[in-house]
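**Student:** What follows is each chain in one-letter form.
10 protein chains.
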Amino acid sequence: MLFHVRMDVHLPPDVDAAPLVAQEKARAIELQQSGEWTHLWRIVGEYANYSIFNVPTNDELHDILSSLPLFPYMKVHVTPLATHPSKI
Amino acid sequence: MLFHVRMDVHLPPDVDAAPLVAQEKARAIELQQSGEWTHLWRIVGEYANYSIFNVPTNDELHDILSSLPLFPYMKVHVTPLATHPSKI
Amino acid sequence: MLFHVRMDVHLPPDVDAAPLVAQEKARAIELQQSGEWTHLWRIVGEYANYSIFNVPTNDELHDILSSLPLFPYMKVHVTPLATHPSKI
Amino acid sequence: MLFHVRMDVHLPPDVDAAPLVAQEKARAIELQQSGEWTHLWRIVGEYANYSIFNVPTNDELHDILSSLPLFPYMKVHVTPLATHPSKI
Amino acid sequence: MLFHVRMDVHLPPDVDAAPLVAQEKARAIELQQSGEWTHLWRIVGEYANYSIFNVPTNDELHDILSSLPLFPYMKVHVTPLATHPSKI
Amino acid sequence: MLFHVRMDVHLPPDVDAAPLVAQEKARAIELQQSGEWTHLWRIVGEYANYSIFNVPTNDELHDILSSLPLFPYMKVHVTPLATHPSKI
Amino acid sequence: MLFHVRMDVHLPPDVDAAPLVAQEKARAIELQQSGEWTHLWRIVGEYANYSIFNVPTNDELHDILSSLPLFPYMKVHVTPLATHPSKI
Amino acid sequence: MLFHVRMDVHLPPDVDAAPLVAQEKARAIELQQSGEWTHLWRIVGEYANYSIFNVPTNDELHDILSSLPLFPYMKVHVTPLATHPSKI
Amino acid sequence: MLFHVRMDVHLPPDVDAAPLVAQEKARAIELQQSGEWTHLWRIVGEYANYSIFNVPTNDELHDILSSLPLFPYMKVHVTPLATHPSKI
Amino acid sequence: MLFHVRMDVHLPPDVDAAPLVAQEKARAIELQQSGEWTHLWRIVGEYANYSIFNVPTNDELHDILSSLPLFPYMKVHVTPLATHPSKI
Numbered sequence: 001m002l003f004h005v006r007m008d009v010h011l012p013p014d015v016d017a018a019p020l021v022a023q024e025k026a027r028a029i030e031l032q033q034s035g036e037w038t039h040l041w042r043i044v045g046e047y048a049n050y051s052i053f054n055v056p057t058n059d060e061l062h063d064i065l066s067s068l069p070l071f072p073y074m075k076v077h078v079t080p081l082a083t084h085p086s087k088i
Numbered sequence: 001m002l003f004h005v006r007m008d009v010h011l012p013p014d015v016d017a018a019p020l021v022a023q024e025k026a027r028a029i030e031l032q033q034s035g036e037w038t039h040l041w042r043i044v045g046e047y048a049n050y051s052i053f054n055v056p057t058n059d060e061l062h063d064i065l066s067s068l069p070l071f072p073y074m075k076v077h078v079t080p081l082a083t084h085p086s087k088i
Numbered sequence: 001m002l003f004h005v006r007m008d009v010h011l012p013p014d015v016d017a018a019p020l021v022a023q024e025k026a027r028a029i030e031l032q033q034s035g036e037w038t039h040l041w042r043i044v045g046e047y048a049n050y051s052i053f054n055v056p057t058n059d060e061l062h063d064i065l066s067s068l069p070l071f072p073y074m075k076v077h078v079t080p081l082a083t084h085p086s087k088i
Numbered sequence: 001m002l003f004h005v006r007m008d009v010h011l012p013p014d015v016d017a018a019p020l021v022a023q024e025k026a027r028a029i030e031l032q033q034s035g036e037w038t039h040l041w042r043i044v045g046e047y048a049n050y051s052i053f054n055v056p057t058n059d060e061l062h063d064i065l066s067s068l069p070l071f072p073y074m075k076v077h078v079t080p081l082a083t084h085p086s087k088i
Numbered sequence: 001m002l003f004h005v006r007m008d009v010h011l012p013p014d015v016d017a018a019p020l021v022a023q024e025k026a027r028a029i030e031l032q033q034s035g036e037w038t039h040l041w042r043i044v045g046e047y048a049n050y051s052i053f054n055v056p057t058n059d060e061l062h063d064i065l066s067s068l069p070l071f072p073y074m075k076v077h078v079t080p081l082a083t084h085p086s087k088i
Numbered sequence: 001m002l003f004h005v006r007m008d009v010h011l012p013p014d015v016d017a018a019p020l021v022a023q024e025k026a027r028a029i030e031l032q033q034s035g036e037w038t039h040l041w042r043i044v045g046e047y048a049n050y051s052i053f054n055v056p057t058n059d060e061l062h063d064i065l066s067s068l069p070l071f072p073y074m075k076v077h078v079t080p081l082a083t084h085p086s087k088i
Numbered sequence: 001m002l003f004h005v006r007m008d009v010h011l012p013p014d015v016d017a018a019p020l021v022a023q024e025k026a027r028a029i030e031l032q033q034s035g036e037w038t039h040l041w042r043i044v045g046e047y048a049n050y051s052i053f054n055v056p057t058n059d060e061l062h063d064i065l066s067s068l069p070l071f072p073y074m075k076v077h078v079t080p081l082a083t084h085p086s087k088i
Numbered sequence: 001m002l003f004h005v006r007m008d009v010h011l012p013p014d015v016d017a018a019p020l021v022a023q024e025k026a027r028a029i030e031l032q033q034s035g036e037w038t039h040l041w042r043i044v045g046e047y048a049n050y051s052i053f054n055v056p057t058n059d060e061l062h063d064i065l066s067s068l069p070l071f072p073y074m075k076v077h078v079t080p081l082a083t084h085p086s087k088i
Numbered sequence: 001m002l003f004h005v006r007m008d009v010h011l012p013p014d015v016d017a018a019p020l021v022a023q024e025k026a027r028a029i030e031l032q033q034s035g036e037w038t039h040l041w042r043i044v045g046e047y048a049n050y051s052i053f054n055v056p057t058n059d060e061l062h063d064i065l066s067s068l069p070l071f072p073y074m075k076v077h078v079t080p081l082a083t084h085p086s087k088i
Numbered sequence: 001m002l003f004h005v006r007m008d009v010h011l012p013p014d015v016d017a018a019p020l021v022a023q024e025k026a027r028a029i030e031l032q033q034s035g036e037w038t039h040l041w042r043i044v045g046e047y048a049n050y051s052i053f054n055v056p057t058n059d060e061l062h063d064i065l066s067s068l069p070l071f072p073y074m075k076v077h078v079t080p081l082a083t084h085p086s087k088i
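Protein chains in written order, with full-length UniProt numbering: chain E, 1 to 88; chain V, 1 to 88; chain H, 1 to 88; chain C, 1 to 88; chain L, 1 to 88; chain S, 1 to 88; chain D, 1 to 88; chain F, 1 to 88; chain B, 1 to 88; chain P, 1 to 88.
Read the hints as simulated data drawn from the structure, not as lab findings.
Watch out, some of these pointers could steer you wrong.
[As the list claims (entries may be wrong)] Computed footprint of chain F on chain B; a stretch qualifies when at least three of its residues, placed anywhere within it, have a C-beta under 8 Å from a C-beta of chain F:
no.: 1; stretch: 1-7
no.: 2; stretch: 47-54
no.: 3; stretch: 74-88
[Claimed, not checked] Not close to chain H: a few residues of chain V, all C-beta gaps over 10 Å, as computed:
no.: 4; residue: His4
no.: 5; residue: Leu11
no.: 6; residue: Pro13
no.: 7; residue: Asp16
no.: 8; residue: Pro19
no.: 9; residue: Glu24
no.: 10; residue: Lys25
no.: 11; residue: Glu36
no.: 12; residue: Thr57
no.: 13; residue: Glu60
no.: 14; residue: Tyr73
no.: 15; residue: His77
no.: 16; residue: Pro80
no.: 17; residue: Ala82
Glycine is no exception: its CB is placed at the ideal position from the N, C-alpha and C atoms.
Chain E with its partners taken away, still in its complex shape:
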């Protein structure tokens, strides 16, 4: 099942961001390789992304998102997607 996710990152200045960002990147690569994180785009001009996730259940999506290293510093909004009638 597909989910549209917007993530906005707000890292406070006093946080040691580098290691977190590196872990986040590693995890994102893992999830892309394992197929859950199917699309990942940077929103131009913002520390934010639009992503599409393909996961079997809501619970798995929440586990994935809430275990992301940057999760404590992110505002996340999830929208469930369905098949569009005009989709070829």
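Starting from the known structure of chain E, arrange chains V, H, C, L, S, D, F, B and P on it as the hints suggest.
**Tutor:** The following block gives chains V, H, C, L, S, D, F, B and P in isolation, referenced to the frame of chain E:
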């Protein structure tokens, strides 16, 4: 899988509401009996409801919602739900 | 009487969260066991939940919510619910 | 139990308002006399009011509000009230 | 003259709240006793209240509100009220 | 007492605006001459104005505003003003 | 270049929707086949979609969107996308 | 003096748009030729534009904007601009 | 030329406000005496004001506002004003 | 290709702003000289600007914006622009 749905109904004055509302009620009862529509509450003071749906996929949820008789006159917002760690 | 409650948790980084979260969980379990907290769902991707409370009065609901260990770090919105005419 | 209610009235130009408004006024007087509608204030400059209702249950409040003659033309928002610790 | 006031309190964690809250309570009691603060309700689930003030002028209302001990930590919104035509 | 008022006019295309606008203008001039309507500015690019009213009571302000010919087609927001401590 | 587009469709009740919707579907299929409209998902519960477009210039994207049969009845929001540093 | 203007056009379906749009275009060209309307860009995907106007006074800007043929069908927002300290 | 300005002041608790506020007051008096700052009202219940400025150019207004001692702690919104057709 | 960008700067009080602001200015001048940053205006009364960028791709725009010295302290919103049909 569980989904939280808010439905706000806006029926234009010139629509013949009675038959639509009756069909909507019949359909809602059907869906409650078949188990998809697990919770249905009226928001006090508003022609709106909070509902919980239990469906296997996003597509099924969309089919259910978009086929509701009042769908053309509703503003609908869907939020996917996961199991809460404190849930007994 | 039923109330729909949304709770968004915002824990500042410098707060010692673990004990607070543990107390919150214990209290939530208590309230579910005693029947006031009837439904508790995690909003996918967010440190937030939708809940339903069944309490006899507004005052009791406020006492329950405002005494939750995480209350000082939560944004809470309460919506009173009524019986829906299509509810079976 | 006390509830704070905001009502914004939007009467389309082609509606025959006079009889509706008269019925609304009569009903409001009835509810004030029977004690449910305890406070009713006009918001300066707006076709809107702030009201306080004293009713035993959510369902009764919804029945009262949704049966008001102007209900189809109103945007209503209900906020449950509790006793304030500084209230004398 | 009557004014509807909403007060949302946001006390930063590092503020010594107890004395402030006690002073606020004492002041609220004073103003209720002297008749300016005529109604005071807790908004269920929130560190916020709806109040009604009866004061002769805008200036007096501002002096009262801006001298409240918690004023620096409050978001306040004031709405002037008029007599409602259906008020008995 | 002074009040800041924003008025946004939304005249539906099928309304015969000219006579209404003329009556509104006449009334506005009356109120300026009698001193209640002390300031009246056009918001650049919008069919809207910022105004300042000087009236003894909230009720009088509401009577003035709600009796304006364009009132049924206006969104009005009123903010009570007090004397600023830096005002010379 | 990639663009994220949200389209919300609001078809007035008195519009003959069927032919429009059919033309829209045909056009959407064309654009998917020609590669500009790369992704098209239905937002669950809403007459809305999230789409991704791959077009060489802003102008081409606007021409495509503004020439869609349903364009007069759509609210469209376009967000330019860039390559995400964690994209594999 | 420079002003940033956003114009969103909402033409009701039953308005005979063609002549209005043609007049609007003619007027826009006139104002660009006479130098007041210095920049005019289409917002991708929307019947809206961002524009920059160079006019000596607020009044002249309002006269220009409010006399545009499409003005009754536009939502306009004006932001005054100043010279940026980093502007070369 | 006239501009409507709203200023909301947010002074962090750890700022030494007194000297800033005193400088702000002195500057405000200066600008009122020199005629740029023509109107200054306190918004009841809020650390905010509505003001009217009369300045020849946008640049001068920005220089005035951005050089106010409290500017770093203020949220400022400027609306250009034009002469209202009903203004006497 | 043209993009409309709004940048709102929020510099925390404890940040050493001067060097950052100087670097930002130098970079802005560079980008204006190299032609990407074609327009840059100060929004009157706000630490914010409206800008127009002319860049070949979304990615280049994001690289430019996200590498600005003040980027970590800015809220940025990008809107893609197309040629307006009335543009001369």
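**Student:** Are 3 or more residues of the stretch 47-54 of chain B near chain F, judged by a Cβ distance of less than 8 Å?
**Tutor:** The restraint on the stretch 47-54 of chain B is violated, since only 0 of its residues have a Cβ under 8 Å from chain F and three are required.
**Student:** Does V:Asp16 sit more than 10 Å from chain H, CB to CB?
**Tutor:** At about 19 Å from chain H, V:Asp16 clears the 10 Å cut-off, so the statement holds.
**Student:** Between the stretch 74-88 of chain B and chain F, are there enough contacts, at least three residues with CB-CB distance under 8 Å, for the coverage claim to hold?
**Tutor:** Our answer is that it holds, as 6 residues pass the Cβ test (under 8 Å) against chain F, meeting three.
**Student:** Just want to verify: V:Lys25 was marked as not at the interface with chain H; is every Cβ pair farther apart than 10 Å?
**Tutor:** violated (4 Å)
**Student:** Is the Cβ of V:Ala82 farther than 10 Å from every Cβ of chain H?
**Tutor:** violated (4 Å)
**Student:** Far enough from chain H: is every CB of that chain over 10 Å from the CB of V:Glu60?
**Tutor:** holds (17 Å)
**Student:** Are all beta-carbon distances from V:Pro19 to chain H longer than 10 Å?
**Tutor:** holds (15 Å)
**Student:** V:Glu24 clear of chain H by more than 10 Å, beta carbon to beta carbon?
**Tutor:** violated (7 Å)
**Student:** Going by Cβ atoms, does V:Pro13 stay more than 10 Å from chain H at every point?
**Tutor:** Holds: least Cβ distance 21 Å, greater than 10 Å.
**Student:** A cut-off of 10 Å on Cβ-Cβ distance, and V:Pro80 was said to be off the interface with chain H. Does that hold?
**Tutor:** Nearest chain H Cβ is 4 Å from V:Pro80, so the label is violated.
**Student:** Examine the stretch 1-7 of chain B for residues whose CB is less than 8 Å from any CB of chain F, and state whether their number is three or more.
**Tutor:** Satisfied; 3 residues make the cut.
**Student:** Hey, is V:Glu36 genuinely clear of chain H, shortest beta carbon separation above 10 Å?
**Tutor:** Nearest chain H Cβ is 13 Å from V:Glu36, so the label holds.
Consistency note: the structure conflicts with the earlier hints numbered 2, 4, 9, 10, 16 and 17.
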